[in-house]
Each structure stands twice: as structure tokens, then as C-alpha cells.
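Fit chain B to the supplied structure of chain A, relying on the hints for placement.
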Amino acid sequence: GQQVQQSPASLVLQEGENAELQCNFSTSLNSMQWFYQRPGGSLVSLFYNPSGTKQSGRLTSTTVIKERRSSLHISSSQTTDSGTYLCAMEGNTGYQNFYFGKGTSLTVIP
Amino acid sequence: GGIITQTPKFLIGQEGQKLTLKCQQNFNHDTMYWYRQDSGKGLRLIYYSITENDLQKGDLSEGYDASREKKSSFSLTVTSAQKNEMAVFLCASSRTAEQYFGPGTRLTVL
Numbered sequence: 001g002q003q004v005q006q007s008p009a010s011l012v013l014q015e016g017e018n019a020e021l022q023c024n025f026s027t028s029l030n031s032m033q034w035f036y037q038r039p040g041g042s043l044v045s046l047f048y049n050p051s052g053t054k055q056s057g058r059l060t061s062t063t064v065i066k067e068r069r070s071s072l073h074i075s076s077s078q079t080t081d082s083g084t085y086l087c088a089m090e091g092n093t094g095y096q097n098f099y100f101g102k103g104t105s106l107t108v109i110p
Numbered sequence: 111g112g113i114i115t116q117t118p119k120f121l122i123g124q125e126g127q128k129l130t131l132k133c134q135q136n137f138n139h140d141t142m143y144w145y146r147q148d149s150g151k152g153l154r155l156i157y158y159s160i161t162e163n164d165l166q167k168g169d170l171s172e173g174y175d176a177s178r179e180k181k182s183s184f185s186l187t188v189t190s191a192q193k194n195e196m197a198v199f200l201c202a203s204s205r206t207a208e209q210y211f212g213p214g215t216r217l218t219v220l
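So the protein lines, in turn, are chains A and B. The numbering of the first sequence is our numbering, which starts it at 1 and goes up by one. The numbering of the second sequence is our numbering, which starts it at 111 and goes up by one.
So that you can see chain A by itself, here it is in the shape it has in the complex:
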């Protein structure tokens, strides 16, 4: 079954609105990471967040390991935030296995 579920699958915002992206994991995890990807581009790491809350500018990531979930909050969205947001988890089976969600496609319109 799918290890990582992301929601919503897609989201359209008016510039200035806030967004909350969710990531839920079906198994226990050691750590997780949020990435940003432009169409045709590579993955840019936003947060490596094993647990707790981290903030960088308008972005805030909160991971609750015990509840197997993580969220990414984008405040005051801008058109340049448009793209795909991916989350990935590292399982705790004793070797470095990583599983990615299918991503949330975000479009911010002016």
C-alpha cells in the first residue's frame, strides 16, 4: 500500500491567501523532508524535519512523529510559490528506505 498520503492533490489560491498542506504516513518513521519542485525542475529541500516545528520566512513545517503526520503552512502566498510540494519519509526498518508522496500541485493566481 501507499506509505505516504498527501492532501490536497491540487490547490488554487488567490495571491495573499494562506495554504495548509498535509502529509500522512501509514508506517512508523524516523524522519521526514519537504521539497519544492517547479515543472520540469529538480527537488529543492524546504525542510528536513524529524520532529517539531521549523520556520523559514513564510513557510512553517510541523511534524508529529507519534501521529505520523506533517504539515506545511504557506502564509501570504505569492505567484512564485506555484509548483509541486512533495513530502518524503524515512522508514524505521533498519535501512535507508525513503518513500515519497505524489505531491500537492499549488497554483497561486494574481
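Note that these hints are calculated values from the structure, not bench results. All C-beta atoms in this analysis are idealised placements derived from N, C-alpha and C, irrespective of residue type, glycine included. Everything hinted at is true.
Now the stretches of chain A that chain B is said to cover, found in silico as 3 or more residues with beta-carbon under 8 Å:
id : segment
1  : 25-33
2  : 41-54
3  : 77-91
Relative to the frame of chain A, chain B by itself:
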């Protein structure tokens, strides 16, 4: 800081052809990874390597070979390209569980 480079950027092959993709990193990271990204399916792990000359299979290793010639480089070989195959192959490296990605190689098989 550091950088991951992947060559070639675009790769066009014929059905049944053996194709090799290359990845170099100057982070001095121990672990390197190869992922395949298909539209609508997210990223899937093909191979990873925790040190020079080490190879570990991911969930998608069938149909691929890999080689970790030295710490800084990791190659992936598609052993027999499948007709109409289209995907992006992404290389990543890490010291701990936090991964950094290269720009990708886009494969098209005619």
C-alpha cells in the same frame, strides 16, 4: 555548500538499448540514491549506495544496474530500454537522512 550534477540532461534511446546515466556530487556525502519520477506516481527508489563500491536495491531495481565507482560518483544503467518509456531520473545524496537532489535526466525511448 555543494552541488550535484547529472549527465546527460536529456537522453533519447531506442527500444532494447542499454543506456547509462551519470551523477556526480561534491558534498562529500557518503550515501547516494537513484530515483525514477513518473507523472502521477511520485518518486520511487531504484538503487542506493552507502559508500564506495556498495550497492543496495530499492523497490524499483528490476531492469536497472548501478555502479558506485568512487565516493563522488554514482552511475545508473537501464539494461534494456522499453518502447515509449518516458521518465525523469533523479540522483540524490545525503550525509544523514536529509537528501539533496540533482537536476535530473529526462529519458525518452522511441
